[in-house]
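Chemist: Read top to bottom, the protein sequences are chains Y and A. For the first sequence, our numbering gives the first residue as 1, with consecutive numbering after it. For the second sequence, our numbering gives the first residue as 1, with consecutive numbering after it.
Treat each hint with caution, since some may be false.
Straight-line Cα separation of at most 20 Å, PhoX-like style, residue types lysine-lysine; simulated pairs [to be verified]:
| # | chain 1 | residue 1 | chain 2 | residue 2 |
| --- | --- | --- | --- | --- |
| 1 | A | K85 | Y | K167 |
| 2 | Y | K167 | A | K54 |
| 3 | A | K87 | Y | K167 |
Stretches of chain A that chain Y covers, calculated by requiring three or more beta carbons in the stretch to come under 8 Å of a beta carbon on chain Y [stated by the list, open to error]:
| # | segment |
| --- | --- |
| 4 | 20 to 29 |
| 5 | 51 to 59 |
None of these hints come from the bench; they were simulated from the model. No residue lacks a Cβ here, since even glycine has one placed at the ideal position from N, Cα and C.
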Amino acid sequence: MTSELIVFLVLSLVAISSALGMLFSRNAVYSALFLVLNFVTVAVFYLLLGAPFIAMSQITVYAGAIMVLFLFVIMLLGAGSLAPTESLPWQRPLAILLAVILAMESTYLVFARSRSDLVVTAPDAALNSMDSLREMAMTLFNQFLLPFEITSILLLVAMVGAIVLSKPEKGGQR
Amino acid sequence: MVPVDYYIILSAILFSIGALGVLIRRNPLIIFMSIELMLNAGNLAFVAFSSVFKSFNGQIFVFFVIAVAAAEVAVGLALIVEIFKSKKNINIDEMNSLKG
């Protein structure tokens, strides 16, 4: 068992248990904090996979910006803990059963089509250097220039949408 | 030397946990968080394959997914705040009418 495998197993244990903690916390603030832990763990996975730029964007955008937005809204609405209402009593066991089936069949498919030559090797220094980042930027701004510009329009539309939605209505019924 | 299968299986398990969260929780904020978890599971698979095949395209897709997730959260949370303002409650079992 190599050291990389040990690191992977420990981190995946942390990732899965923090995801379960997010799911089963009574208080939404704890859920958000568990999810921050999960995002940081996934960022460490990205570092192990030799994607330092994606790891840093994960931490700044997801763990930093998006989760802070979530915490703001949770505390603004006072929605920390809702009273549990169970309108469909059979829904929870059925949902758990279906999720277990989904996880098992996807795991089975991955094993059934496994190829032993596909292994993730440790990221070497060349992969984590500035050269690799430059190469990625060249791909982003040459091959994917149009999607990049469309993303900027999407962000603009989302910004306008959020402002329009939260604008107080000027008189009259909506 | 970690087989890429392990990363894909971890991604599948995280995705299933997210789907379970969408199904069993009644708080729309937690449902949103579960959707983020599912997007993250997809990102993990993208980066794992990008690392195995030594190509940057997977990482660039992850970059776009992160941008789209940020836009989605901004609009979604604005909608939740608006629903809370009109209904004084955000339990999704109460949101069963189209009229505001």
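Chemist: Decide, hint by hint, whether the structure agrees.
Modeler: We went through each hint and held it up to the structure:
Taking the CA atoms of A:K85 and Y:K167, the gap is near 12 Å; set against the 20 Å cutoff, the hint holds. The suggested pairing of Y:K167 with A:K54 is violated, with an alpha-carbon distance near 47 Å, which exceeds 20 Å. Distance check on the hinted pair: A:K87 and Y:K167 sit about 17 Å apart at the alpha-carbon level, within 20 Å; holds. A stretch counts as covered by a chain when three or more of its residues have a beta carbon under 8 Å from one of that chain; for the segment 20 to 29 of chain A and chain Y the count is 8, and the coverage holds.
Given a C-beta distance limit of less than 8 Å, the hint that chain Y covers the segment 51 to 59 of chain A holds, as 5 residues qualify and 3 suffice.
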